[in-house]
Amino acid sequence: MPQQDFNTFTYLSLENFVKIKNKWNIINYCCENKCVNKNKPTGNCIKGKGFANLTNDEDIKYINCLDGLGDNDEFVFFSSGNQFKNPKDAVKYSLFYFEIKLTIQFGMKIDLFFGLGTKDWPILMNISFLLNAFVHYQSQNKFKMIKLTPTFSFDNNDTFGCGLVYPPTNKSNEFPYVFYTQNGKQIGKALSLKGFNTDYYEPAIVQNSFSLETNFGNDLNSKPFKYDITKHAVLKEFYADSDVLEYSVNELPEISRLRAMLKGLSALYLKYRNP
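Counted from 1, the sequence shown has number 86 at position 86 by the UniProt record's numbering; the numbering is strictly sequential.
Accuracy of the hints is not assured; some may be wrong.
Stated by the list, open to error - Below, computed lysine to aspartate or glutamate pairings styled on EDC-like, alpha-carbon distance capped at 20 angstroms:
1) K21 x E213
2) K19 x D155
3) K38 x D155
4) K185 x D155
5) K171 x E58
6) K185 x D120
7) K23 x E213
8) K38 x E58
For the record, the hints were derived by calculation from the structure and aren't laboratory data.
Whole structure, please, built from the sequences with the hints as guidance.
This is the structure in structure tokens:
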């Protein structure tokens with residue numbers, strides 16, 4: 001194997017990290033009574049549905065449903081208060097990054113979607129108790145999925161991260177990209193955002209049946225990331241078209257749960273995100 005020339009890589013530093021003080025907002029509600037909602041982010045659902053409470057700007061606590069079995073849970077949609085936008089006239093790479101730490105309270109029956117929202121369908125990594133990990137996004141009216149390594153697994157108290165890198169303004173042949181991490185290590189390749197028509201991205205989560213702590217990087221001295229962003233080399237390896245599974249809504253794989261979930265999430269995300 002030829003020796004890798006490390007001089008070909010561009011490594012980032014804390015100067016590349018774009019610090020934006022951020023917080024979560026709930027963008028849907030537990031039931032038609034709206035017991036828990038954006039303006040009242042804590043409390044119990046009077047219909048007994050399992051739902052998440054936003055205990056502070058960064059932390060989310062799951063409130064179990066009354067039956068205690070997790071069979072009456074509602075997906076909760078969170079978006080950040082501030083968006084990630086391409087810095088104007090940037091002379092260096094710009095890195096946006098955040099992490100979440102899972103606390104699994106009632107068994108491993110969880111579904112987590114996290115990543116970056118846009119004005120349309122978001123780019124989300126899905127961690128599920130039944131399926132392997134996927135990255136989901138939508139483009140040109142097609143659902144697109146990238147299956148992560150078959151050896152992927154997760155456990156209680158794991159920390160996951162999502163990063164967005166913008167190239168300098170003078171590198172017109174380069175495009176922004178997204179990458180994911182787990183417990184301080186990168187997962188898979190990067191996803192190039194070439195062809196994505198949006199002027200912003202924002203941290204986004206869709207979850208049920210567990211709690212989580214978030215680190216937006218508001219104070220890295222007292223609460224550093226698990227992933228060392230100073231050792232992040234600007235990525236050159238991206239998912240290829242051959243890595244992407246592409247389906248129309250009705251052509252989704254014959255996994256009824258996955259089909260229903262993606263169709264439902266797509267409709268609900270657009271409903272709540274753009275009322």
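To see whether the hints hold, each was checked on the structure:
In summary, the hint linking K21 to E213 is supported, as the alpha carbons are separated by about 16 angstroms, within the 20 angstroms threshold. A threshold of 20 angstroms between alpha carbons decides the hint, and for K19 with D155 the separation of about 29 angstroms lies outside it, so the pair is violated. The suggested pairing of K38 with D155 is violated, with an alpha-carbon distance near 30 angstroms, which exceeds 20 angstroms. As the CA atoms of K185 and D155 are separated by approximately 15 angstroms, the hinted pair is consistent with the 20 angstroms bound.
Between K171 and E58 the CA atoms are separated by roughly 34 angstroms; this puts the pair beyond 20 angstroms, and the hint is violated. With a C-alpha separation of about 29 angstroms, the suggested pair K185 and D120 falls outside the 20 angstroms cut-off, and the hint is violated. Straight-line distance between C-alpha atoms of K23 and E213 comes to about 11 angstroms, which keeps the hinted pair within the 20 angstroms bound. At roughly 14 angstroms between alpha-carbon atoms, K38 and E58 fall within 20 angstroms of each other, so this suggested pair holds.
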